[in-house]
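Colleague: Next come the chains, spelled out residue by residue.
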Amino acid sequence: MAEALKGTCMCDACKFTATPTVGGLGAGACHCGMCRKWSGGMYLSVDCGASVKFDEGAPVGSYKGSEWGERLFCRECGSSLLWQTQDGQNQHVSIQAFDDPGQFEIGVQVFIDKKPGNYALAGETKTMTEAEVFAMFAPDADPS
Amino acid sequence: MAVDCGSSVRFEDTDALGSYKGSEWGERLFCTVCGSSLVWQMQDGTGQGVSMNAFDDPAQFTLKNQWFIDKKPDNYALVNETRCLTEAECIAMFAPDKA
Ligand SMILES: [Zn+2]
Ligand SMILES: [Zn+2]
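Just so you know, the sequences run in chain order U and A.
Each residue of the first sequence is one higher than the one before, counting from 1 in my numbering.
Each residue of the second sequence is one higher than the one before, counting from 1 in my numbering.
The hints are simulated quantities; they were obtained by calculation from the structure and are not laboratory data.
Owing to the predicted nature of the structure, the values given are computational and were not obtained by experimental measurement.
Even for Gly, the Cβ is constructed at its ideal location relative to N, Cα and C.
A couple of the hints might just be wrong.
[As the list claims (entries may be wrong)] Per the computed footprint, the stretches of chain A lying under chain U, defined by three or more beta-carbons under 8 Å from a beta-carbon of chain U, are: (1) 15-27; (2) 42-54; (3) 83-95.
Make the full structure from the sequences, and use the hints.
Modeller: In structure tokens:
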């Protein structure tokens, strides 16, 4: 039974709880251009389904970077908090928002073909290209 | 991941620029519309470390240093060979009076 974890931004204005999905996609790194601009590095996140609950009044900003995706961040300090589909499902929460980011196993790297060549993660993970990600999650969408 | 740009950053328009002073000396600049992480700087506007991912070609920069390496969670690491500095080493380097 997964338990709800407490998460917060740098300035603590955006407190929330989230529950990593049992049998979900787990934790991974995204190297797509938007995730890198947004987070400043690679975006490391964990699949929390639709479980995220923000405290009342949290100054959460929203940015819809594509037709289906939405990024939530703290308007006070700029912390990257989560990527979700615009229906509020598929919430991938920044591991760094939790007290113990080291608890999640980074099992997959997505948009690996968009990763700049000047860094790489150590260790073996599954990898997916942009085309493979679209084929799996949005077979109707044309990524080109 | 950031590149040292001294005090050279010029914004075309600062309407959407957010600032967060996370410590007595540091300040983070970000876009309040989309949340993009842009710059870490000293509060006097010097020591600007700009997110490499904000540039068209992030790969042009060689990663030389990893700061606060003792604060890195154990579930990821870079393959890059870099100098690694602990929090204590970073503070001794940049704020010796605070060490
Ligand atoms: Zn905040
Ligand atoms: Zn923006």
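Colleague: State for each hint whether it applies.
Modeller: Verification of the supplied hints:
For a cut-off of 8 Å, the count of residues in the segment 15-27 of chain A with a CB near a CB of chain U stands at 3, and the three-residue condition holds. With 4 residues having a beta carbon nearer than 8 Å to a beta carbon of chain U, the segment 42-54 of chain A meets the requirement of three or more and the stated coverage holds. Against chain U, the segment 83-95 of chain A contributes 0 residues with a C-beta closer than 8 Å to a partner C-beta. That does not satisfy the three-residue criterion, and the hint is violated.
The structure fails to meet hint 3 from the earlier list, while all remaining hints are met.
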